[in-house]
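Q: Make a model of the complete structure from these sequences and hints.
Line by line, the protein sequences are chains A and B.
Residue numbering for the first sequence is 1 to 299, as defined by my numbering.
Residue numbering for the second sequence is 1001 to 1621, as defined by my numbering.
By construction, these hints were calculated from the structure, which means they are not laboratory data.
Take these hints with a grain of salt, some might be off.
[Stated by the list, open to error] To list a few chain A residues with every Cβ distance to chain B over 10 Å, as calculated:
| # | residue |
| --- | --- |
| 1 | T4 |
| 2 | L35 |
| 3 | D49 |
| 4 | D168 |
| 5 | P204 |
| 6 | N248 |
[What the hints assert, rightly or not] Per the computed footprint, the stretches of chain B lying under chain A, defined by three or more beta-carbons under 8 Å from a beta-carbon of chain A, are:
| # | stretch |
| --- | --- |
| 7 | 1172 to 1183 |
| 8 | 1386 to 1396 |
| 9 | 1404 to 1410 |
| 10 | 1512 to 1519 |
| 11 | 1532 to 1539 |
Ideal Cβ positions, reconstructed from N, Cα and C, are used throughout, including at glycine.
Each chain, letter by letter, is given below.
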Amino acid sequence: MHWTHLLLELILMPLMAFFIGMGMVLTLRKIGAKLQRRIGPPFFQPLYDILKLHAKETQSSHGLIHEIGIVMAIGGYVAAETLLPVPGMNGIAQQGGLITLAYMTMIPSLGLALGVGQCANPNGSIGISRALTAMLAYDVPFILVVFGTAYAAQSTNLVEIIAAQQSDGIASWGLVQNPLLALAGLLALQGMLGKQPFEIYVAPAEIATGPMVEMGGKFLGGLFIMQCFQLYTAGVLYTSLFLGGGENWLTFLVKIFAVVSIPMAIAYLFPRFRTEDLVRFFWKWPTFLALLGLAFVLH
Amino acid sequence: MNALDLLFLLSGATLLCALLFGRTRWAAPLLLLGYAAQFVALLQTNALFGEPISLSWSLVVLDQPMHWRYDALSWFFALITLGAGFLSTGYGSGVWMRDYERAGHSAGVLHTALAANVFSMVLLVGAEDFLSLFLGWELLNWATFFLMALRGGIAARAALRYLGYAFTGGMAILGAMALLYAQAGSLEFQPIRESLPQMSDGQLWVLLALLGSGFGIKMGLLPFHLWQAPAYAETPGPGSAFFSAVSARMGLYAMLVFFVGMVGLARLVQMEIPYTFLNGRDLLAWIAVFTIIFPTYTALQQQDARYLLAWHGIGQGGYMVLGVLVGTAEGSAGGLLHIFNHAITQVALLMAVFAVLYRTGTTDLNRLGGLVARMPLTFLTLLFGIISLAGLPPMAGFVSKLLVYRALLFEGMPLLFVGAIIGTLGTILSVYKLIHNIFLGQLRLEHESVQEAPLSMLIPMLSLSLLIFLAGYFPGPTLSWVAAVQAQLGLPVVNYHLGGVYDAHGGFNMIWIVSVLLAGFGIGALVFFGLGGPSKRVHQLDNYAGGHFLYAENRYQYSDHFYAGLMHLIGPWYRGSFQWLERALGSIVDFLAHFTNGFYGIAQPLLWSLAAVLGIAVWVF
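A: What follows is the structure, encoded as structure tokens:
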């Protein structure tokens, strides 16, 4: 591949991820509004929010690490997007692979945790301790899912994993081949996105939104950008592992929007789990499903 | 005189210098020169990429020749030993040592103990027969005890506990040597290597148990891990950093020599455990995984930064053993690479923590906080270190762990894989608590005037931080060392390049990954600093929670019981089973000792009479 072509991909992939991610934020807010019988925000609201927050006059910083934390949160996802293949663009997916991608997505979490830590607000730190505990919980089934899909494809290269699923239509999709892993992955996705019943770490009425408690202005704006990337990454990753990736942009967009809509659509059905219940849940049912799915893959 | 002769000579001379001039003010430069000279001599041996080199002279003890020879494996471990010795001495050479002496301790004793450790290790990793290995092993045990016990009090108690373990391990190795001698008629490695294929599985299981426990004690493998964390944590700063880098790895070195280099992983796989699905390799792999998990989650519970890191040091050893046992090119490369990557990581982390101790007088995680504003470079070192320890990109620890994960994945070992990942996740939680409770959150009143660590401590810390980053960005050079070691041990050799590995399952290239990550940070910075208006720094007390403002005299304390939710769930799982096991084994040994005493009292009355007469004579005269 010519270097200019690659450079173009490396610029376009995070840029498109951001805009698509904003579309996902809008979709989720619309779904939430519909379920609560509200109209919901206008089309450009996610963009307005980000611009408004960045344009605020008062930007309170608790120190350099508070600021660098937000930079890491955005930067980590910008880099992660180049490891996620999309129709017509592979970026550097072949230089990293699935495990690298999984670990790359932890960089923004680390950045956020560092930034929140410097704010010296107990609600923020409690929120981070809960969020990290949640990560420990949902990553166990998630890692089993990653293992199963990579083992089934005998590759950690996402380009190859997608190509294998596109070889024989829907029948070769991960969802059809390994439905138990797909189900476990969906449950892990609910935790990853912090949707009910797994949103104890934000718990607005208890710890005043937890990690976001000291975030205002461009700090919160940075987290809004991070959320766009987070939704996009989760949707594309699940699509790449179980829904055959994107044959073209139309099917790709339909799939990734459908994937991220599921957690939101079912979120309001649940109350909130306490941290220990959340851990107990993820280490029980999704892990059991993933292990069962894995047993089918290995034999 | 060849290069290996020179290395041994220089190592002995450095020890002598420490002994004679350790208390003088030019001891540190002299010793640094000594370690640097040893390093140059090591390079001159060319044992890594060239032919192995033997010592020009040998000894004969009880008709058994004692040889020393350096090959790629010896070179690799000696490099880490000398590097750790050099950096630890440099770290402790300036104001730290003056402070240490002011507290009533002797610089000369510390220098001598450190140099004795380095000398023992240089000797040990060159052993070409079991007699030389045992000599190096016992020398190292005593040198280790010497360095551990320096501070007295808790440190001395921890050192004595270590000594108990070390004696037990030494006896186990001696027992294995007797068995090997009976079978091979020699204690030299080559005849033993030739005789091993003729040994039955039963004999090999006995050897596995004896040598596995002997070497495993030094390594801190489960269930022989309890001694390590307190002993390493209570050792004075430079010694603690040195121990954490390489001391426990001597156990791994010996395991590699015997189990991989002599017995071979293929034979371990053939040694099936009756009525189970396990074989010798699986058993060791599961021990490695439990060594990852249990100490890591014990680390998570620690309230002292030194203990937290020391417990992680035990856990990280599990990744090394696990990687090597997978046996594939990538797996063993990951395991071996992790020895180096973890060494530079752990030394940097402990140096940062001891710098905090030097400035604040405590490493209690509940009595620190907010120090990033006062010690930003120490924070940077700790940050680089924790990212590497947790195995996240872009630092060195990520590369070695990634190789291990990939190997487990492609070898179809899902449960071991999940075990390794659970260890990593626990490490992430634990190291965040470490950095949060020391450097983030509120700065305490008593630390308002704390200053950055002194330059003599910062130089090694920042050098290591750079090394951690570079070893993650360009893993090619370190992988080339590892490839040479793999070839030496008869393992499949990893197909590496400057940025990572080539592999049929999809390789990876850290140069791309890290470059893109750095570019991502650049974009993040552009968005954050470019789009938004200028930010205004607010005071840490310009804050609220629970509807209350903060006052200087009335601050929050929220670092204690940091993972409350998780501990509600897993707290009851900590039943102190290993302490119970240790006490039970201690009681059994105690009982056997009494029994043997009684037996000798009956069977050898003359011996006791002689002892009594001697005792009376000593008392009278």
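Q: Taking the hints in turn, state whether each one holds.
A: Hint by hint, here is what the structure shows:
1. T4: holds, 16 Å
2. L35: Fine: 28 Å to the nearest Cβ keeps L35 of chain A off the interface.
3. D49: holds, 13 Å
4. D168: holds, 21 Å
5. P204: holds, 14 Å
6. N248: Since the minimum Cβ distance to chain B is about 24 Å, N248 of chain A lies beyond 10 Å and the statement holds.
7. 1172 to 1183: violated (count 0)
8. 1386 to 1396: holds (count 4)
9. 1404 to 1410: It holds, with 4 qualifying residues against the three required.
10. 1512 to 1519: holds (count 5)
11. 1532 to 1539: holds (count 7)
In this structure, the one hint that does not hold is number 7.
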